[in-house]
Amino acid sequence: MTTSAIAPLTSRRAVGPLDVVRLDLRLRRRATIGYAVGLALYALAVVAIYPSFKGDTSIDRLLQSNPKLYAAFGVSGSLTSPVGWLNANVFNNFLPVVTVILAIGYGAWCIAGQDESGTLAPIAVLPISRRGVVVQKVVALAVQLLPTLVLTTICVLVGRTFQLNVGIGNLVAASVACWLLGLVFGALALVVGAASGSRGLAIGVSSAVAAAAYLISSFAASIDWIRPMRLVSPFYWAAGSNPLGDGIQPGAMTALIITAAALVGVAVTAANRADLH
Amino acid sequence: MTDPIVTRDLTKTFGRRRGVVGVDLAVNEGEVFGFLGPNGAGKSTTIRLLLGLYRPTAGAVSVLGHRPVVDGVTVRARIGYLPGELTLHPRLTGREHIDWFTRARGLASNVYRDELVERFGAELDQPARALSKGNRQKIGIVLAFMHRPELLILDEPTSGLDPLLQDEFVRLLRETAAEGRTVFLSSHELDEVQRVADRVAIIRDGRIVVVDSVAALRRSAPRTVEFEFARAVDSAAIAALDGVRVLDDDGHRVRLGLSGPLAPLLRLVAELEPVDMTARAADLDELFLTYYRTDYRTDQPDAEVSA
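The listed protein sequences correspond, in order, to chains F and H.
Anchor point for the first sequence: position 77 equals 77 in our numbering, and the numbering is continuous, going up by one each time.
Anchor point for the second sequence: position 66 equals 66 in our numbering, and the numbering is continuous, going up by one each time.
Isolated chain F (complex conformation) (with noise of 0.2 Å):
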């Protein structure tokens, strides 16, 4: 009897490129419906009441006495013209904020999280390999950041019927960087998670160095010392340099691509690494 004798009952010899990503899109479809239907509805509440604060100068006023403090809620320049509105309410803490968690989430779930629940050995021993595994991941990361990204757009351009004029291609700007921003820390999280197998170190590591970015790049603007070191944070390419206002920043965009792409791919190396179980 010789081993070619019993072929498998198979049409081709690997995992397919996207059987993986259409799996764990199908497992948190759940929360992606849940992160995008509740940021877009929020969205849609601040564009709403922007005519109620587009008159009122003593806003900016307030801003002006004491902007440290609305630093840290990400909030600088003027709040009543609408991309200093978009800024304070969406774009500069919110819409990132949110898809940071949701891609840290996640980017800790799928590789130390089913690790450790076991759901991810049964994929393993399919015919794929840990890179496949882990590029598969990366996709639908990708994939899934993007309802919430999209419907916030598009409910922020219904914010032109309510006197919040902004440019489309500013808008789209500001959400491709807010979109690479949760590329950049999902892959910090799967990098994490899947060099340590701990889905909760994972979290944890990747949270404190997203709130660190963050608090650099909204107090780039108003603490002296802090101004040099938003360089090195993500949060500022992507929100503080102010896509939304200013239109795409190629810098900032390749910065936060590149930064990705190297994640990516010590994420691979670390999978390679790994003990499953």
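Check each hint, because a few of them may be wrong.
Simulated restraints on C-beta separations [to be verified]: (1) F:G200 <-> H:G15: 15 to 21 Å; (2) F:R30 <-> H:E179: 39 to 45 Å; (3) H:R195 <-> F:S11: 33 to 39 Å.
Just so you know, the hints here were simulated from the structure itself, not pulled from any lab data.
Treat the numbers as computed from the prediction; the structure is a model and nothing was measured.
Idealized CB from N, CA, C, for every residue including glycine.
Following the hints, position chain H against chain F.
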């Protein structure tokens, strides 16, 4: 042609924690190979090394002629794996799991798969969180066998199955082996293994203590001898005999496991004036307990367990 599974001096440690040490195995094509050991002996660690889930600390593994860590994709296309405790996604149904794995493996035909579903009565419409352990295990059997792999690696496969399905599973293993496919069957239960396995390896504390055919092991297995006495006796003198182990002693009734010569025992017992004696043929259970026992090392100093 290389054997489906060959390991040489295979060692895996987790920091300072022992996994397995110096494991040498050679599993032949078309055989059912039993892999026995108590819980925590290193069975699952060995299996994860075979599947490429773990990287060896030292030594070599070859599965279907490839190294699992290097050529994992090639190797795993030809393997079916059933973990002892299969974790399914709680919200997905059995059907969703089976459909996903069917597509992921690129199954060319669903006929055999559906036959297995039918045969084991796998519950397909309930979400996994509502399934009992046995019902999850049935899904696992389908997932492991549906692509007719050349090599099946089964880790405590019948845990949770009722006796009827355990019989059905044994038939499935025999059919699989009859087709020339190979089965690596790990278990902590002797019964599960001795019914189907051609050869067995016993692992204890991370080391292989014996590899032999079931028939040969049976020949060397201790016999159980039981004596009944009219008055209470002290079994200490009996226990001191070579190759005798006291299994049970209530003063009047003494049950012994005998792996040494019979005559000295009979001479000694005759003086104690027994009123009854029963002897049972070779008992594999007793043999395995011998290997499992923690004092095995001191009992048999010449056995191949020392480092």
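Status of each hint after checking the structure:
For the hinted restraint 15 to 21 Å between F:G200 and H:G15, the CB-CB distance of approximately 19 Å keeps it satisfied. Between F:R30 and H:E179 the beta carbon distance is about 43 Å. The supplied range of 39 to 45 Å therefore holds. At about 35 Å, the CB distance of H:R195 to F:S11 agrees with the hint of 33 to 39 Å.
Every hint, counting from the list given before, is met by this structure.
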